[in-house]
Amino acid sequence: MNCSDDTYCLGIESTADDFGVGILSFKGRALANINSAYINPEGGIHPREASRHHAGIAGEVLSKAFHKAEIKPKEIAVVAFSQGPGLGPCLRTGATAARALSSYLNVPLVGVNHCVAHIEIGKLVSKAKDPVTLYVSGGNTIISAFDGGKYRVFGETLDIAVGNCLDVFARAAGLRQKEGMPFGAMVENVASRGHSFVSLPYSVKGMNLSFSGLLTAAVQLLKSGKHTVEDLCFSLQEVGFSMLAEVTERALAHTEKPEVLLTGGVAANNRLQSMVKSVADEHKVRFCVVPKEYALDNGAMIAWTGILAYQHNMVIPTEKSFVRLKWRLDDVHVPWVES
Amino acid sequence: MLIKKGAEANLYLEDWHNRKVVLKQRLSKEYRIPEIDEKIRSQRTIHEPQIIHKAKEAGVPTPTIYMIDILDATIIMEFVKGKQVKQILSDLSDKERRSLCRHIGNLIGHLHTYGIIHGDLTTSNMILTPTGKVVFVDFGLSEHSIELENRGVDLHLMKRTFQSSHFKYAKECFDAVMEGYRRFMGEDVTKDVVGKIREIERRGRYISAR
Ligand SMILES: Nc1ncnc2c1ncn2[C@@H]1O[C@H](COP(=O)(O)OP(=O)(O)OP(=O)(O)O)[C@@H](O)[C@H]1O
Ligand SMILES: Nc1ncnc2c1ncn2[C@@H]1O[C@H](COP(=O)(O)OP(=O)(O)OP(=O)(O)O)[C@@H](O)[C@H]1O
Chain A
338 MNCSDDTYCL GIESTADDFG VGILSFKGRA LANINSAYIN PEGGIHPREA SRHHAGIAGE
398 VLSKAFHKAE IKPKEIAVVA FSQGPGLGPC LRTGATAARA LSSYLNVPLV GVNHCVAHIE
458 IGKLVSKAKD PVTLYVSGGN TIISAFDGGK YRVFGETLDI AVGNCLDVFA RAAGLRQKEG
518 MPFGAMVENV ASRGHSFVSL PYSVKGMNLS FSGLLTAAVQ LLKSGKHTVE DLCFSLQEVG
578 FSMLAEVTER ALAHTEKPEV LLTGGVAANN RLQSMVKSVA DEHKVRFCVV PKEYALDNGA
638 MIAWTGILAY QHNMVIPTEK SFVRLKWRLD DVHVPWVES
Chain B
25 MLIKKGAEAN LYLEDWHNRK VVLKQRLSKE YRIPEIDEKI RSQRTIHEPQ IIHKAKEAGV
85 PTPTIYMIDI LDATIIMEFV KGKQVKQILS DLSDKERRSL CRHIGNLIGH LHTYGIIHGD
145 LTTSNMILTP TGKVVFVDFG LSEHSIELEN RGVDLHLMKR TFQSSHFKYA KECFDAVMEG
205 YRRFMGEDVT KDVVGKIREI ERRGRYISAR
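If you read the protein sequences in the order shown, they are chains A and B.
Numbering-wise, the working numbering puts 436 at position 99 of the first sequence, and it's gapless, one number per residue.
Numbering-wise, the working numbering puts 82 at position 58 of the second sequence, and it's gapless, one number per residue.
Hints in this document: simulated from the structure, not taken from any laboratory.
All figures in this text were calculated on a predicted structure; none of them were measured in a lab.
Fair warning: there could be bad hints in the mix.
With a straight-line Cα cutoff of 27 Å, these simulated DSS-like cross-link-like pairs (lysine-lysine) come out [unchecked claim]:
hint: 1; chain 1: A; residue 1: Lys-663; chain 2: B; residue 2: Lys-192
hint: 2; chain 1: B; residue 1: Lys-80; chain 2: B; residue 2: Lys-107
hint: 3; chain 1: B; residue 1: Lys-105; chain 2: B; residue 2: Lys-63
hint: 4; chain 1: B; residue 1: Lys-119; chain 2: B; residue 2: Lys-29
hint: 5; chain 1: A; residue 1: Lys-563; chain 2: B; residue 2: Lys-63
hint: 6; chain 1: B; residue 1: Lys-192; chain 2: A; residue 2: Lys-466
hint: 7; chain 1: B; residue 1: Lys-63; chain 2: A; residue 2: Lys-560
hint: 8; chain 1: B; residue 1: Lys-80; chain 2: A; residue 2: Lys-621
hint: 9; chain 1: A; residue 1: Lys-466; chain 2: B; residue 2: Lys-215
hint: 10; chain 1: B; residue 1: Lys-28; chain 2: B; residue 2: Lys-110
hint: 11; chain 1: A; residue 1: Lys-401; chain 2: A; residue 2: Lys-411
hint: 12; chain 1: B; residue 1: Lys-110; chain 2: B; residue 2: Lys-80
hint: 13; chain 1: A; residue 1: Lys-663; chain 2: B; residue 2: Lys-183
hint: 14; chain 1: B; residue 1: Lys-28; chain 2: A; residue 2: Lys-614
hint: 15; chain 1: B; residue 1: Lys-80; chain 2: B; residue 2: Lys-44
hint: 16; chain 1: A; residue 1: Lys-466; chain 2: B; residue 2: Lys-28
hint: 17; chain 1: A; residue 1: Lys-364; chain 2: A; residue 2: Lys-411
hint: 18; chain 1: A; residue 1: Lys-614; chain 2: A; residue 2: Lys-405
hint: 19; chain 1: A; residue 1: Lys-663; chain 2: B; residue 2: Lys-78
hint: 20; chain 1: B; residue 1: Lys-110; chain 2: B; residue 2: Lys-63
hint: 21; chain 1: B; residue 1: Lys-107; chain 2: B; residue 2: Lys-195
hint: 22; chain 1: B; residue 1: Lys-195; chain 2: A; residue 2: Lys-663
hint: 23; chain 1: B; residue 1: Lys-105; chain 2: A; residue 2: Lys-663
hint: 24; chain 1: A; residue 1: Lys-466; chain 2: A; residue 2: Lys-563
hint: 25; chain 1: A; residue 1: Lys-621; chain 2: B; residue 2: Lys-192
hint: 26; chain 1: B; residue 1: Lys-119; chain 2: B; residue 2: Lys-28
hint: 27; chain 1: A; residue 1: Lys-621; chain 2: B; residue 2: Lys-215
hint: 28; chain 1: A; residue 1: Lys-466; chain 2: B; residue 2: Lys-80
hint: 29; chain 1: B; residue 1: Lys-195; chain 2: A; residue 2: Lys-614
hint: 30; chain 1: B; residue 1: Lys-215; chain 2: A; residue 2: Lys-614
Derived list of chain A stretches under chain B, where covered just means 3 residues or more per stretch with a C-beta under 8 Å from a C-beta of chain B [claimed, not checked]:
hint: 31; stretch: 434 to 442
hint: 32; stretch: 531 to 541
hint: 33; stretch: 578 to 584
hint: 34; stretch: 587 to 599
hint: 35; stretch: 607 to 615
C-beta atoms are modelled at their ideal positions from N, C-alpha and C, and glycine is treated no differently.
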């Protein structure tokens, strides 16, 4: 049994190919974090297919979460959902489930920004207070830090996200996605067997980055057949991650923050972790990385951010709970963060 | 004396033949493999003085280069006395701030017309001297281009800097930069660049087909 002095929030994540439900106590204890990924046999994301998967699996994931948390639905005090940014059909499926649940339980509904959630869960689990955050995933590549009530974006990709770059390259190289083994992780695996460096375009513009030229060049070299897939994976990682380390260092030098936080799906990569840690060490700041369970898209991060928002009365009426496909990180007020 | 630890270089203030100079040394980074590290450091060390020189021809104040040492990835240049625009922006009156930003926009126009993309247009990389000149530094990421895309990316970075580091005046500052840019570049070019910046802002976010 759980102690009754605690209150719980249920969070639903469904911005892209993952559907997740997390249940957290207001004190930040994770009771459940159940996630189910849609895997497209052809690779890549199909928003409609993914949303169909989410709708089909929602009931099961919810009941698993309640089972794991060992609480009854009526013990939930708040329902949170990821309101954006993300893919329309996927977001809508999560929002529909959240609305239904909140009205059934008669509890308030909170809309959460997915990017803010990645940062907040990272801060919770790594105990970071005021970090420069490098958020790297399949859909986002953002360098941000808190200032004046918001998470300010210091740099971001000018075209595709780094995770997307790895995924597309993996597909072009004929790697097949397996359950529990994202493309990025397969590239990491293959890269560990590469050793001879192939020169690829390095593109940093101040604190912004561009990955499309890197991807195009890597795919062309792959097709030329002059290099092994191992060497190309190795080189792709070295160049792409060096770019990320450089902009992280620039943001750190610029903001003089005391910590670096690495989050998002690509944060699972050991090579990237070691590079960002090296930057942190050089600037004598603390290196924090989010464990995989909370770095990939997950329901727990939505629940936790929902709690923070709820405590600042950021409840939304159902009729205003429309999804926001392009909701920017730096559009969100985060009154719970102290300056 | 170390005066600044930048992201890629250490900057030292030194006496050199009775001159106050800045010695900018690009350090080897432990995180990157030697193949990438050496290439970046030597390329930028060769490239930066060339573009600094070209910017001067374009009419944009830049530090005079005295010496470069490629093996050591070191540049020795004139020490520019003054304050970073970043530090003084909030001390100015609204009118002064607008006028300074218009002037910066005008200088960016000079660079772009001359086919130079600065590549790191932040308020730390602009120094306001006691005589009221604005000197541009840090051309390590700059490139030669007259393409609309690159001009847009350059100014988008300027806008981002205002939004992240000077959010209280972000809009007025950037509007004034664009006003200065417009006066120099003309209506047509500026309109295209503004459209480009908007397009860039829409990218880099969630893309629906991936
Ligand atoms: N070990 C790894 N190395 C590199 N990339 C990885 C690794 N593990 C996962 N990834 C990448 O992480 C990405 C998925 O991350 P995540 O679930 O956070 O993001 P997403 O579904 O793309 O959503 P969003 O952008 O909305 O956060 C994929 O691009 C995947 O290839
Ligand atoms: N010649 C100079 N005279 C005076 N100050 C200078 C000079 N060159 C650079 N500076 C100051 O030192 C700071 C760091 O220099 P610079 O930007 O060249 O280094 P960096 O390591 O390339 O920086 P970044 O962090 O942008 O990569 C500049 O922002 C500028 O304010």
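- Provide an ascending list of the numbers of those earlier hints which the structure does not satisfy. 3, 4, 8, 9, 18, 19, 20, 23, 24, 25, 26, 27, 28, 29, 30, 31
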